[in-house]
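My numbering applies: residue 1 is where the sequence shown begins, and numbers increase by one.
These aren't lab readings, by the way, just hints derived from the structure by calculation.
Backbone N, C-alpha and C define an ideal beta-carbon position, used for all residues, glycine too.
One should not assume that every hint holds.
What the hints assert, rightly or not - DEER-style ranges, computed between Cβ atoms:
no.	residue 1	residue 2	range
1	Pro23	Asp125	23 to 29 Å
2	Arg213	Thr238	18 to 24 Å
3	His237	Ala29	26 to 32 Å
4	Asn15	Gln245	33 to 39 Å
5	Asp128	Gln276	48 to 54 Å
6	Thr238	Thr269	35 to 41 Å
7	Asp267	Ser113	26 to 32 Å
8	Thr283	Asn177	33 to 39 Å
9	Thr205	Arg48	28 to 34 Å
To be verified - Computed cross-link-like contacts, SDA-like style, restricted to lysine to any residue with a CA-CA straight-line distance of at most 20 Å:
no.	residue 1	residue 2
10	Lys86	Phe233
11	Lys46	Gly289
12	Lys264	Gln116
13	Lys86	Phe49
14	Lys26	Gln279
15	Lys126	Asn102
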Amino acid sequence: MAQETVFHSEVHLVNMTFSVRGPDGKTAAGLAVDDFEVFEDGAPQKIRFFAREDQLPLSLGLIVDVSDSQDKFLKRHQHDIEIFLKGILRPSDQAFAVCFGNHLRLVSDTTSSVSQIMDGLKSFDKGDMDFPEIGPKEERELGTALYDAIYFSVEEKLQSDNNRRRALILFTDGEENSSEHDLIDAISVAQDSDVLIFAVRYTQTKHGAMNARNKYGMRVLGHLAAQTGGSDFDGLHTDLPEAFQQISDELRSLYSIAYQSTNKAQDGTFRKVVIQPKQSNLTVRAKAGYYAR
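Could you put the whole structure together from the sequences, leaning on the hints where they help?
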């Protein structure tokens, strides 16, 4: 506990949270600080603090796409979200739910109750619009504000949860057409707040073939996950209970490091960080880096 207090008090330290998997695809436990090397823009860094965060409670945001392209999947969203929540939430954990199209509706505020979250999602699906909005009131002409949903969910609901492991779970096709913020903003706010993004993709295709927008959405979700240390799944062609268990395992088996960068400039540039395991058969998943500001 003393280590955690020191870890958060060092304001000039770069904090990185990451997961490690072995060759069998399972999370790797029992690793120590000497099992890793850290490089920033190719320069080796000295690890100042190291911990395994398997006891931190979770703070999760469920970001649910209710735009026209997801109409046929809304019931599927609810079914899959309920399975996910029942499998991952513990009494000390908490989650909230945001439904987005061209408005960002907080259909369930932070709670540990699965039924409360599901009630909010079902009420919204039945046409109840009497839910608060997050972010500034925007006049969006088109219907899918994915980047704003990510940005304001992190900024308004997750930034203050410093003693929790934070993640967003997206249920969407990844398509976007009406946000104030762009993809870089969405990634940046998640990286700055150490929020992992996991995506479950539901893509509506014609005759089983993807069009250009479908492919773009798929790449967007993969990029969001890769840049923040999460992962993405095809919600229609994946064993979702297994995928949800993988997400749970990662969130419960994370490591944290902190180092003081050898580059002292606070110039706002992006610094690429690589956490390299010394065992070649291990794979690290972490955010791609941070902005020096």
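Structure-based check of each hint:
In this structure, Pro23 and Asp125 break the distance hint of 23 to 29 Å, their C-beta atoms being roughly 42 Å apart. The supplied range of 18 to 24 Å is met by Arg213 and Thr238, whose beta-carbon atoms lie about 21 Å from each other. Checking the proposed 26 to 32 Å range against His237 and Ala29 shows it holds: the Cβ atoms sit about 30 Å from each other. In this structure, Asn15 and Gln245 break the distance hint of 33 to 39 Å, their C-beta atoms being roughly 27 Å apart.
The beta-carbon spacing between Asp128 and Gln276, approximately 50 Å, falls within the hinted interval of 48 to 54 Å. As the Cβ distance of Thr238 to Thr269 is approximately 37 Å, the hint placing it in 35 to 41 Å holds. Judged by the Cβ atoms, the range 26 to 32 Å given for Asp267 and Ser113 is violated: they are separated by roughly 45 Å. Between Thr283 and Asn177 the C-beta distance comes to about 35 Å, which sits within the given range of 33 to 39 Å.
Checked against the given bound of 28 to 34 Å, the beta carbons of Thr205 and Arg48, roughly 49 Å apart, lie outside it. Only pairs whose Cα atoms come within 20 Å are accepted, and Lys86 paired with Phe233 is accepted, the gap being roughly 19 Å. For the proposed pair Lys46 and Gly289, the alpha carbon gap of about 16 Å is at most 20 Å, so the pair holds. In summary, the hint linking Lys264 to Gln116 is not supported, as the alpha carbons are separated by about 47 Å, beyond the 20 Å threshold.
This hinted pair does not check out: Lys86 and Phe49 have alpha carbons roughly 34 Å apart, beyond 20 Å. Under the criterion of a C-alpha separation no larger than 20 Å, the hint pairing Lys26 with Gln279 is consistent with the structure, at around 15 Å. Distance check on the hinted pair: Lys126 and Asn102 sit about 18 Å apart at the alpha-carbon level, within 20 Å; holds.
Of the numbered hints listed earlier, those contradicted by the structure are 1, 4, 7, 9, 12, 13.
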